Amino acid sequence: MAEGGQLVDHRDGREVVLRLRGVRTQFGDHVIHNKLDFDVFRGEIVGLVGGSGTGKSVLLRTIIGLNAATSGTIEILGVDTSTLHGKAERAMQARTGVQFQDGALFSSLTVSENIIVPIREHAGLDEQTMRDIAALKIALVGLPPDTGDKKPSELSGGMRKRASLARALALDAELLFLDEPTAGLDPIGAAHYDELVKGLSQSLGLTILMVTHDLDSLNAVCDRIAVLLDKRVVVGTMEELLAYDHPWVREYFHGPRGRAARQERK
Amino acid sequence: MSDVEPTIRYTMRAGKPVVEIGGNWTVLTLRGIRQKAARALSAAGAGHAARMVDASGVDRLDTAGALEILLLAGGGPDTEVTTRQKVHADLFQVVQKNMCAAMPERRVNWLAHWLEEIGQNTVDLYRQVINLCAFFGEILVVFVEACLQPRRFRISAVVRQMYEVWIRALVIVGVLCFLIGVVIAYQGIQQLRQFGAETFAVEAVGISMFRELGVLLTAIIVAGRSGSAFTAQIGTMQVNQEVDAMRTIGLNPVEWLVMPRIVALAVSMPLLAFWGDMTGLLGGAVACTIYLDFTFVQFFERLRDTVGAWHFYTGMIKSPVFGLVIATIGCFEGLQVRGSAESVGQLTTRSVVESIFCVIVLDAVFSIIFLLADV
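Protein sequences appear in the order of chains A and B. 114 is the number of the first residue of the first sequence in the working numbering; add one for each residue after it. 363 is the number of the first residue of the second sequence in the working numbering; add one for each residue after it.
The hints are simulated quantities; they were obtained by calculation from the structure and are not laboratory data. Keep in mind the model is a prediction, meaning the values are calculated, not measured. Glycine included, C-beta positions come from ideal geometry on N, C-alpha and C. Do not rely on the hints blindly, as some may be mistaken.
[Stated by the list, open to error] Here chain B is said to cover these stretches of chain A; the calculated rule only asks that three of the stretch's residues, wherever they fall, bring their Cβ under 8 Å from a Cβ of chain B:
id: 1; segment: 230-238
id: 2; segment: 251-259
id: 3; segment: 314-328
Generate coordinates for the entire structure from the input sequences, incorporating the hints supplied.
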């Protein structure tokens with residue numbers, strides 16, 4: 114196996130924007146990840162999959178910094194996150210964006226105000242400029258202009274996800290983390306969302322790591338797929354993983370849903 | 363990250379107005395850019411209506427920067443942009459495709475706003491009263507049904523609630539009433555001593571505790587700790603759709619959630635108020651032994667001789683009504699919760715405020731009734 118849990122080396126001279134080495138996370142005696150290596154390169158979309166209880170969300174939270182790793186190093190955009198404090202940490206937060214599963218929009222603020230929060234905090238522009246930027250982001254994620262003045266509770270689940278993506282994009286983050294972005298959407302909405310993510314990543318040059326269970330999304334948007342297996346990550350393209358011999362991987366990708374998703378793609 | 367300031371210059375090129383852009387144009391470097399642009403524009407002379415942008419001097423660019431550049435160049439999606447890097451050209455294209463005027467901020471005349479607010483609140487209050495009456499009616503229906511079929515009182519749920527609202531409130535109610543008893547006795551002695559009537563402090567403690575303070579203080583504590591808990595519990599269930607689930611299974615939430623709480627509180631309130639009265643008297647007695655050289659026996663003998671039983675009864679008559687009101691409002695607001703966890707917080711606050719308000723208003727009504735009844 115190549116470096117960073119890859120089946121074959123895909124680096125191809127690209128910059129490594131996320132590098133995990135020897136990461137171990139445990140709660141009490143329960144070890145969730147052990148000796149986990151994982152690389153994400155600039156400009157790609159990586160899907161993170163794994164059975165329930167394998168710690169997909171824990172891994173995401175660990176990378177974002179909401180949960181401390183027991184040991185190991187995590188480098189985001191070339192900086193070891195454990196060495197970041199104060200100003201440098203805030204600067205790093207401005208370069209990454211997170212979309213939480215249910216949106217996690219601030220419920221007391223309108224969508225516009227939600228998008229403005231990170232801009233005001235990090236850039237401190239004047240009101241009108243920030244409102245203009247918010248309107249642009251709302252359009253970018255494909256929401257109608259009047260969404261800006263609505264409260265999160267007035268939006269449907271799919272719109273909330275888009276609004277949350279707009280907030281994650283507020284500062285033009287280079288690296289985006291999406292937690293189950295298509296969960297709970299109908300197939301049409303999910304397909305549109307996939308297109309949106311792919312389009313944005315191309316036009317804005319984003320690097321995206323998304324936790325997902327949607328085999329269609331994996332097929333449609335992900336350049337590579339990271340599978341959580343036996344407390345570690347195995348990364349490869351769809352083709353490589355199809356050939357990979359592991360009971361869970363075989364069942365996941367060769368099961369009826371996996372086959373149906375691939376069929377559709379052809 | 364290099365912090366090259368964004369630059370902007372309005373010039374003429376081959377007889378055409380052009381905006382020259384340079385430096386870093388990212389969301390983190392844009393502070394104060396509009397004032398800067400306005401200065402540059404006035405330096406170039408007014409009426410400079412550029413439709414062309416030369417962004418070949420731009421170093422770093424993001425969507426916010428591209429948006430600002432386009433807006434400063436007059437805004438339209440038809441603006442011509444020349445760039446050095448392909449990435450920048452793509453970015454401008456994306457932004458041009460998606461840019462639209464920010465929704466204008468809704469500015470309202472303050473008087474209109476004020477009137478709207480009053481109107482809205484009036485309508486809300488009206489609806490609130492109607493809904494509360496309807497809810498009370500629903501409770502009565504369930505109560506009557508339960509009386510015909512006593513099994514439906516859900517005794518185990520009632521007992522569990524009583525443990526929460528009665529047993530667990532004993533310490534706090536006892537301590538507070540004791541302290542109030544001490545304070546009233548002490549103040550009474552201080553003031554009445556001027557007339558040489560300091561022994562009347564015993565009546566002051568007895569009558570005020572029995573008639574008002576014991577029950578009122580207890581009601582306020584209960585509203586704060588049990589009424590709010592009812593709203594939060596039922597509200598959380600409402601957010602989790604547990605209440606909806608109950609309905610689909612055929613369980614009436616009023617019977618299962620509301621009734622046990624109301625019965626428990628209506629029974630617990632007199633018990634708590636009685637406990638409050640007793641600890642209050644104890645506080646008074648302690649204060650009198652300290653400041654008045656009374657013995658406990660003297661205090662209670664004087665109390666027996668001078669404070670009639672009806673003072674005690676009036677308090678006891680009020681207390682179950684207060685309990686009923688607090689529980690009804692607490693449960694009602696809990697069932698009003700819609701959607702998010704945020705509304706649980708709002709409605710919990712509202713439930714406490716409303717129940718304390720209602721308790722005090724009812725207390726005033728009771729005073730009038732007792733006055734007319736001459737007790």
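Outcome of the hint check:
1. Coverage of the segment 230-238 of chain A by chain B holds [criterion: at least 3 residues with CB-CB distance below 8 Å; count 5].
2. With 4 residues carrying a beta carbon less than 8 Å from a beta carbon of chain B, the segment 251-259 of chain A meets the three-residue requirement, and the given coverage holds.
3. Evaluation of the coverage hint for the segment 314-328 of chain A: fulfilled, as 3 residues show C-beta separations to chain B shorter than 8 Å, against a requirement of three.
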